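*Asks:* For reference, the chains in residue letters:
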Amino acid sequence: MVDKNLVTSVLKFTEAKDMPISTLSLLNADGEILEGAQEPKIDKHTALKIYRDMNYIRVLDERMIGAQRQGRLSFYVTCTGEEASVVGSVAAFSSQDMVMSQYREHAALRYRGFTSKQFMNQLLSNDLDLGKGRQMPIHYGSRDLNYMTISSTLATQIPQAAGYAYGQKLSGNDTCTICYFGEGAASEGDFHAGLNIAAVSKCPVVFVVRNNGYAISTPTVEQFVGDGIAPRGVGYGIPAIRVDGNDILAVHAASVEARNLAIEKSTPVIVETMSYRLGAHSTSDDPTSYRTSEEEEMWRQKDPIERMKKWLLGKGWWSDQQDHQMKDEYKKEILGALKSQEKRQPPVLDHLISDVYQIPPAHLREQYSELLAHIDKYPDHYLPNPTKGHDSYHKPAAQFS
Amino acid sequence: MPKINLLQAVNSALDTAMDADSRVVCLGEDIGEFGGVFRATSKLQEKYGKQRCFNTPITEQGIVGFSIGLAAQGSVAVAEIQFADYIFPAFDQIVNEAAKFRYRSGDQFNCGGLTIRTPYGGGIAGGLYHSQSPEAYFCHTPGLKVVIPSTAYQAKGLLLSAIRDPDPVIFFEPKAIYRAEVGDVPDTDYELPLGVAQVVSTGTDITLVGWGAQMHQLHRAAKMAAKDGISCEVIDLCTLLPWDADTVAKSVTKTGRLIISHEAPRTGGFAGEIAATIQERCFLSLESPITRITGLDTPFPLVFEKEYLPDYLKVFEAIKASVHF
Numbered sequence: 230m231v232d233k234n235l236v237t238s239v240l241k242f243t244e245a246k247d248m249p250i251s252t253l254s255l256l257n258a259d260g261e262i263l264e265g266a267q268e269p270k271i272d273k274h275t276a277l278k279i280y281r282d283m284n285y286i287r288v289l290d291e292r293m294i295g296a297q298r299q300g301r302l303s304f305y306v307t308c309t310g311e312e313a314s315v316v317g318s319v320a321a322f323s324s325q326d327m328v329m330s331q332y333r334e335h336a337a338l339r340y341r342g343f344t345s346k347q348f349m350n351q352l353l354s355n356d357l358d359l360g361k362g363r364q365m366p367i368h369y370g371s372r373d374l375n376y377m378t379i380s381s382t383l384a385t386q387i388p389q390a391a392g393y394a395y396g397q398k399l400s401g402n403d404t405c406t407i408c409y410f411g412e413g414a415a416s417e418g419d420f421h422a423g424l425n426i427a428a429v430s431k432c433p434v435v436f437v438v439r440n441n442g443y444a445i446s447t448p449t450v451e452q453f454v455g456d457g458i459a460p461r462g463v464g465y466g467i468p469a470i471r472v473d474g475n476d477i478l479a480v481h482a483a484s485v486e487a488r489n490l491a492i493e494k495s496t497p498v499i500v501e502t503m504s505y506r507l508g509a510h511s512t513s514d515d516p517t518s519y520r521t522s523e524e525e526e527m528w529r530q531k532d533p534i535e536r537m538k539k540w541l542l543g544k545g546w547w548s549d550q551q552d553h554q555m556k557d558e559y560k561k562e563i564l565g566a567l568k569s570q571e572k573r574q575p576p577v578l579d580h581l582i583s584d585v586y587q588i589p590p591a592h593l594r595e596q597y598s599e600l601l602a603h604i605d606k607y608p609d610h611y612l613p614n615p616t617k618g619h620d621s622y623h624k625p626a627a628q629f630s
Numbered sequence: 004m005p006k007i008n009l010l011q012a013v014n015s016a017l018d019t020a021m022d023a024d025s026r027v028v029c030l031g032e033d034i035g036e037f038g039g040v041f042r043a044t045s046k047l048q049e050k051y052g053k054q055r056c057f058n059t060p061i062t063e064q065g066i067v068g069f070s071i072g073l074a075a076q077g078s079v080a081v082a083e084i085q086f087a088d089y090i091f092p093a094f095d096q097i098v099n100e101a102a103k104f105r106y107r108s109g110d111q112f113n114c115g116g117l118t119i120r121t122p123y124g125g126g127i128a129g130g131l132y133h134s135q136s137p138e139a140y141f142c143h144t145p146g147l148k149v150v151i152p153s154t155a156y157q158a159k160g161l162l163l164s165a166i167r168d169p170d171p172v173i174f175f176e177p178k179a180i181y182r183a184e185v186g187d188v189p190d191t192d193y194e195l196p197l198g199v200a201q202v203v204s205t206g207t208d209i210t211l212v213g214w215g216a217q218m219h220q221l222h223r224a225a226k227m228a229a230k231d232g233i234s235c236e237v238i239d240l241c242t243l244l245p246w247d248a249d250t251v252a253k254s255v256t257k258t259g260r261l262i263i264s265h266e267a268p269r270t271g272g273f274a275g276e277i278a279a280t281i282q283e284r285c286f287l288s289l290e291s292p293i294t295r296i297t298g299l300d301t302p303f304p305l306v307f308e309k310e311y312l313p314d315y316l317k318v319f320e321a322i323k324a325s326v327h328f
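As given, the protein sequences belong to chains A and B, one line each in that order.
When the letters of the first sequence are read in order and numbered with my numbering, they come out as residues 230 to 630.
When the letters of the second sequence are read in order and numbered with my numbering, they come out as residues 4 to 328.
It cannot be assumed that every hint is accurate.
[Said to hold, decoys possible] Part of the chain B face toward chain A, derived, beta carbon under 8 Å:
1) Phe69
2) Gln111
3) Lys226
4) Met227
5) Ala248
6) Thr250
7) Lys257
These are computed hints drawn from the structure, not numbers from a lab.
In this text the structure is predicted, and so the values were computed from the model without any measurement.
Quick reminder that beta carbons are idealized off the backbone N, C-alpha and C, glycines included.
Here chain B stands alone, though its shape is the one from the complex (with noise of 0.2 Å):
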């Protein structure tokens, strides 16, 4: 199996999805002969031809309305947003239009055959306009599926999954992450079902939940706890929207601790989602509080960024602190 990194996992899920079925569609800016400002389209357009790869003016809401109308009319439409910083233009057609079209018209249309990639997330210097987390806006809009894979295999699968799946998905990739995450991805033609998390490491101590580029803080956390003789269960999420409950639940049954992290804001954050769904489900089960680990409440700062991203210290300390609660 050969191993690349996440970036090219996600153009080979592109480039496999579009060999697959000629309705594929891939738009957005700067994603044709040049390949996306991130290189994640690169070669397609010279592959597929302009009319099934191309560019876009830059008009967010534009590109969005226009795959909605795309995959309304039957043809499979991947679109990108250049930053997920920039995908507000398009809140409206995302949020009023692709998540209402099946149900608003009693099934008689659909727009499944949406797909809306995003690179998201801090590390990068990005400031607060290259940096955001902005997946619990979109949590909270039924009719979404929302997805976030965190190694180069999770990327080809789930976006393969993502890009066939009979409902509009948002797809946010974790950009700090996108050539460091490197793995072994087969070539072939593979998907990973949305809506199911990965128990990536087992433990019986406490459960620590993330997803995306968190997912590194959280292993790494993890590894410092096992030499405290800490035993964590770390759990990748992959979908947001509809979120495994009963994987998480099953697991902090068995720990009676969790810890979620993300990196957005805190309050209105997902993690709120989580905590608020395991008490319920797990109370009696719980030996400490739920702790969220998060980005403080304020836009992304650029020179204090290492001091507002939730990495793998602030994490030790949460997991020591609901160990000994």
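For reference, chain A alone in the conformation it holds in the complex (with noise of 0.2 Å):
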């Protein structure tokens, strides 16, 4: 329906520079509160836990990728560059909110308590992944953290969110959900579905779309022409934030700003953060082949991690030593845990055909009774320690009958 108001006879089109989105910033390069800015509220314990799981992270992908070198995983994705969009967002919800995250933001799944060892046990494909062993590296998941197991393929979590989201608003009990992904991601049909669902059904659900400049080897400006993911919101009539998404402070005041409105509003919200992949895309990508040292040394010089430091020094809430301390921790816990889980057994064979339906079904059953016949015949080529039997790699299908 056409706004009588604005009606005009000038004829003129309308283009992306006639409605620029800022970009919100509070922290400058030196970790001072930049001048006509004020400092968001935000308490010494929560500042201090985002801090600790910003490192925990940047730990972990170091040595990850060190072990992905070593043969010792298959597959690895760090979050390098970006630890500030992730945590100063997830730390601005409850932990009774769901996330949906895309792949690159297993630092969110660190501040809702995952643990070293958990973190391996799914890297590693061992017996305890609470993936069973299905999927690779980095697809990590978590019923007790609410946090939705990760899938492969982009952007389908967005419109699943927008109906999570919508269920967590029917059941009343005033939770949300934060749904993650990546500029590139944003390109695919089910991000205009799920954005446009969840605004039209005024779903409580908060999207953090990471703007880290490369979707694997393509950037930006060859995914999209318009002024980045913010403005599509606005189009879809969700309110939308752009912030400096190595910027702690910023990211953090957007999201739980971000919250409120989606929790009291009953609405969808948008927060686009502007940071960049500092790492490869993963351990199969070579980014030299599509970018400058110099580009990624600029970015270097904008650590999201050290710029947080810099403020916590400032406020005499962290030493240096505390921070060599942390370091040194994480990375003994870190390599302890990968040394103690990589000596566990894989998951039995019964989860090649456990939970493709709640109970398996006949013909399943049945190809399973085949298979393992089969396995008895060549036991050597099967079996991941022959000597041990099938005791140490499946149990009777009986269980399933």
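Combine the two chains into a complex, taking the hints into account.
*Replies:* Spelled out as structure tokens, the structure:
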């Protein structure tokens, strides 16, 4: 419907530059509050937890890249450079809120309380992996921590997050969903489907889009022509904000307000964090073929962890000595967990067919029996430890009948 | 028992499910006040409110994605895709997400509360985009259940089971017989088991297997064959995934002959799967080759719909050929 007050006789096209979206920034590179800005309220306990978890993930990523190069892991993806975007946002949410993430947000899972051993169990696909050895490394999930299991398919979690949040609204318990994805995923149809259906259904969901400059090798200039992702939210009638994703205070303050809006107004909100993927896309990628070391260096100077550290030091909440000690402890803890968890067995073979359905149907049990009979003929070829026989590998299929 | 048609039976099942469980939510294009383009959701919004029965934007991937999330949260989501021909934008959400939700999380999360209802099939002059039978695509996806009723009684009982089943279900509704198919349907809440085929009429010479609207063609062909002294056993599969191979194998062991019929194109159609399984199980009982009476390997036609569809005459000819092989 046409708004009568906006009828004009001037023929003029509207362009992106006519509707610019500014970037919220509160901390300068030296960790000082910008002139004219007000320091948002954040208690010391929360600030230090955020800082510690950002550092934990930095150390974890460094060590796991190393482990992958040593052949101890098949694959890995880092969060490096984007720790503030992830931890700063999730810290603004209740532990009862659901997190539906892409795959570069394990810092949020750490913030929720995922342990080093739990990370290793998933990365190594051992018998304690909550996902029962079914997904490639980094596809975490935890029911206990309200962290939805990740899938490799891009953007599928966006309409799902809208539906999850709608269910939360129906149950009336004042919880919401935080949904992460990258600027590349925002080109998928599910992004548009999800934002629109969330807006129309008034779902309490906060979309956090990490605009980190690259989708594998594709820079944002080849991903879209418009002004980033935030204006698309406005287009769908969703409140939108853009923040400096390397500025922990800006990310956190915007996320606190986003959650308030989502719950109080029962509306989706979109937060675009402007950052940079300092590492490769994954261990299968080599960024030197598509970007310069100068560009990377420029962003390294904007390291969100360094910036937060300076702010904490300035407030007298942290010291260099504590910093060294923390990093050493994390290194030790992570390497210890890697060592202990890689000694564990793989999951039992029954998990080949469990959970496809709540109860394996007859045809699947039949296929499984045929497989077991075949394995019995060639145990040396299939069994991870033939000397231990089937006990180390699978239990009888009878448990399904 | 009141006599109602298949469409009214679907409506009755939704009404019954929503009345019995406040977690049941219906969503889809035009399903609100309007009651859906076929009126399957008629009066549900009026009765249960806009929060539990509502229109969505035109986005099939959005509808299914939203419903997966809703089901994962603990609601019971019943999504309508207006025509099965339009389910493909949601293919990724169905095949990669819904079907794998429980498995990939190690059973930490599931979307078993999800049911996708969608009208399918030809016979309504719908041409290539209002006539398709895409069931085989979904039968190739572990994690899904695929259900197709052929009578009003089945429609209510199977849909109630589908809604309450712990796994995601795609429920294809034979729209050609939405109104033509009338039968006794109890007002009460009842369920029919998924994965169980129904032997609709017993016979000794040949087994005819089908589902949905095709059952009418099989019955009619069986009646013609009976006049020629051929006794047909007619089986309604009801659930395609997982399908009741035992019932079909038992029948073919007795009759020695099998015809499978579906509207979908032959190549890669579900009849191929049934034929392969039955020749493995009943090889020594077979008296003639298993025959498929299906649509042609073309897009669904408009003016040549009658020629394309696997009707009772094609089935009748196949019965005679099989018996006289």
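*Asks:* Run every hint past the structure and note whether it holds.
*Replies:* Consistency of the hints with the structure:
1. The closest approach between the C-beta of phenylalanine 69 of chain B and any C-beta of chain A is roughly 4 Å, which is under the 8 Å cut-off, so the hint is satisfied.
2. A cut of 8 Å between beta carbons decides the hint on glutamine 111 of chain B: the least distance to chain A is about 4 Å, and the hint holds.
3. Contact between lysine 226 of chain B and chain A, as hinted, is not supported at the beta carbon level, the nearest pair being about 33 Å apart and thus beyond 8 Å.
4. For the restraint placing methionine 227 of chain B at the interface with chain A, the shortest Cβ-Cβ distance is roughly 34 Å, beyond the 8 Å limit, so the hint is violated.
5. Nearest Cβ of chain A to the Cβ of alanine 248 of chain B: about 7 Å, under the 8 Å cut. The hint holds.
6. For threonine 250 of chain B, the interface hint is violated, since its Cβ never comes within 8 Å of a Cβ in chain A; the closest pair sits about 12 Å apart.
7. A least Cβ separation of about 21 Å between lysine 257 of chain B and chain A goes past the 8 Å threshold, and the interface hint is therefore violated.
In summary, the numbered hints that this structure violates are 3, 4, 6, 7.
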